[in-house]
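Participant: Using the hints, position chain B against chain A.
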Amino acid sequence: MRSLSIALFLVLGCFAPASVLAHGGAVEEAAPAAPVQLHVPTQIGAEAGAMTLDPTFGLPRNMVFSAVQPVVKQEDERANIRYALLIAALGLLVAAHLPKNGTTEQTPAPTAAPASDQSNAPAV
Amino acid sequence: MSALMEQLFARVRQSGVIIGGVLLVLLLLSFASGIVLAFFYNPSPAGVYESMRTIVGVPLLAFIRNIHYWSSDLLVFLLFLHMTRVAITKPTGRARKYAWWFGVAFLFVIGIEMTIGRFLRADQEAFDAYTHFFLGTSGIVAGYIPFAADIANAFSGSTALFRFFILHAVAIPVGIVALALVHYLFAPTFRSMVYPMKKAAESSPTPNAPSGWKRLMAFPSMRNLLGLSGSAIAIVLTLSLIAPAPFFPSPFAGLEVTKPSWWIMWIVALENVWGLMPILLAPPVLFLALLAVPVYTKDRPGPDLGTAIYGLSVAVILVLGMWATNAPQVAHTEHFRAEAGIDAHAGHTGH
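Taken in sequence, the protein lines are chains A and B.
Under the numbering used here, the first residue of the first sequence is numbered 1, with each subsequent residue one higher.
Under the numbering used here, the first residue of the second sequence is numbered 1, with each subsequent residue one higher.
Among these hints, one or two may not hold up.
Stated by the list, open to error - Restraint ranges, calculated between C-beta atoms of paired labels, are given here: (1) A:Leu85 with B:Ala292: 20 to 30 angstroms; (2) B:Pro283 with A:Leu85: 38 to 48 angstroms; (3) B:Gly230 with A:Leu85: 16 to 26 angstroms.
Unchecked claim - Partial list, derived from the structure: chain A residues whose beta carbon lies under 7 angstroms from chain B: (4) Phe65; (5) Asp76; (6) Ala79; (7) Tyr83; (8) Ala89; (9) His97.
Think of the hints as simulated: they come from the structure by calculation, not from any bench.
Glycine included, each C-beta is placed from N, C-alpha and C at the ideal position.
Chain B extracted, bound-state conformation:
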């Protein structure tokens, strides 16, 4: 039993170091599926929900949308595991510290990308998410930072969806790729993963020498990477077949009746207690804590302040997330507007 456990743990350790490579595969999968969806998406207010209904209604397009949803979902899931593996094996030394900081920036941009992706769904949940953004920016942040109101205005009105679409489909993906490249350049495990590819490419084949592919697969890390990536793709495809991505009815203005994705649910727990303000304070606090991890990590075995900060951050995300998931739904934006005394019909046209 003990020997079996040791084998399992050794396998987990080997797999842990190549999760970063699997993340890259999932990123490419979400990019590819997103490009296909973009051909059928209409980012105009008049046609957006109808285009989403078309995508959901055509089996092949719905399957591709499911792939887009589950690949990004698994990406976030594996990001937790990847960051945890790095945190417990200590992000010390200049290269690993920079890799960690660029990784945190990568996580931040992925979070923005997935949030905007929710806006683009154009259903009730999209509208709830957008209302949080709009009220948070124009109702709270603008009270402290004057230009925040201009940002909110730039992303409102009939051009809002198109601008969000450009961000989601072009601008932010470019940023994600750039950050990923810099992150991989610094990450020692990635450099060592590239090594077998370089070796396989550099070798001059002789008549009896194995092919480049066989030479590549002679490296256990390459076999492991191929196996894990294949498993990740198989999981995404299976989930895409049996568990369709959620799609709510067309939005009903002014009401908050849905909950956001699981990975952001920890903020909902704080909103349930303190109202809208935590959506603006909680993410910066989390990212500051994550940025501080390498600063307080010591280059010696065993737990230290850095690992404690990381462990506490993940524990807070999981415990608050589970709590909010199972708690009654609370209408934060409705409460905010009611307390602020904002005119119910101000600026609302079309009725």
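This is chain A alone, in the form it adopts within the complex:
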């Protein structure tokens, strides 16, 4: 059971970096092909206009997309690393709590005090 769970998490953990290699972290545009100029009626600070105003206003969508793509790609790669690490850590945690007979092992409370200090250990 423990070996099975470790193997499962290893496979899942390899998925994220493998998918980065497969896609190269690339982000492709699947949005409407025609330039879109839709606006949220009441935006963050729309009245003052400063936050929403941008010198590039009116440019085609793909130009704005190109401007942000490097950061989006970087964030996708970082997200994949996080997923891989999280899956590995979760796998280790689950495996550590799975005794060989397949049941969940209860974790002792961290009251492992020195022998001289154990007389008043709280009941937890």
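Facilitator: Just chain B now, kept in the frame of chain A:
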């Protein structure tokens, strides 16, 4: 090999019980860095992006912003591990059940806090996130709950950023601290972690007795907590030096060209299929599932319905998140507005 594995697993089990304490350290780190950033942040529409550029442009401020970003990011990462450890060691008994429920509330408030933090970045991603909030609230929720439109209006216009700032910097942190305190009061492992501190404080030192610090460090749990907290801080500082927090160009109105943070990406996967509606339905479903975990957890060894609900929830978050991360970017808000036939220039001023 087997003995080494057993040692490793024992170490992991010991570390697992004190992750809650590490979360507290990361929370304090994000609070401290946030206070410094607040001195340089300008929550007015006219000056917000410029103030963010100043923060990102000054090396020391950029480093503090990176600490703010990575400490909150690691906090969410460790929250997954903490909840998993509690789920597999069974949140049964009155105290652990209440600790779990307050912990879920804590997770919910942390999620809101980090979402509002994204609005405050004032870059393209901030605008995309805010557009999701605004359209979701005013375009979907308001159709079912009348006062939702009033909430959307209260958080729009020239005062929106300031109100979000007050929520992010004052109101929600107070709620986080309150929830954390109640959670820690119920959590048995926290009470037992406090025990060594009480013992060290209560002992009356004699001339030959070790100092309070040494008596505290005589407890393995305290040494473990100190080591893990130190490691967490070292990871945050290292990442802050080598991996700057993302900052996009100034926002371009009406376009959705970015993706949100990794921990919320699972909702994006649902949006890719069903449009904006899942952002309003998926989080409540997840939190209801998490709240139900202790109800269906049995006080006996081995898996049960409670652990299955938890495991399935985490699996859904991870699989959908990875899928959306590697899927092509989809402009949900643009599609929503186009399908709803909302006038492109309605209410838009300044052009």
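Participant: Does each hint hold? Answer for all of them.
Facilitator: Consistency of the hints with the structure:
Our hint of 20 to 30 angstroms for Leu85 of chain A and Ala292 of chain B holds, since their Cβ atoms are close to 28 angstroms apart. For Pro283 of chain B and Leu85 of chain A, the Cβ-Cβ distance of about 24 angstroms falls outside the hinted range of 38 to 48 angstroms, so the restraint is violated. Restraint check, Gly230 of chain B to Leu85 of chain A: a C-beta distance of roughly 19 angstroms satisfies the suggested window 16 to 26 angstroms. Satisfaction of the interface hint for Phe65 of chain A is found here, the shortest Cβ-Cβ separation to chain B being roughly 5 angstroms, below the 7 angstroms cut-off.
Here the hint on Asp76 of chain A is kept, as its CB sits about 5 angstroms from the closest CB of chain B, short of 7 angstroms. At about 4 angstroms, the closest approach between the beta carbon of Ala79 of chain A and any beta carbon in chain B falls short of 7 angstroms, and the interface hint on this residue holds. With a least beta-carbon distance of about 5 angstroms to chain B, the hint placing Tyr83 of chain A at the interface is held under the 7 angstroms criterion. Evaluation of the Ala89 of chain A hint against chain B yields a held restraint, the C-beta minimum of about 6 angstroms falling below 7 angstroms.
Against a cut-off of 7 angstroms between C-beta atoms, the interface hint on His97 of chain A holds, since the closest Cβ of chain B lies about 5 angstroms away.
When the structure is compared with the earlier hints, a violation turns up for hint 2 alone.
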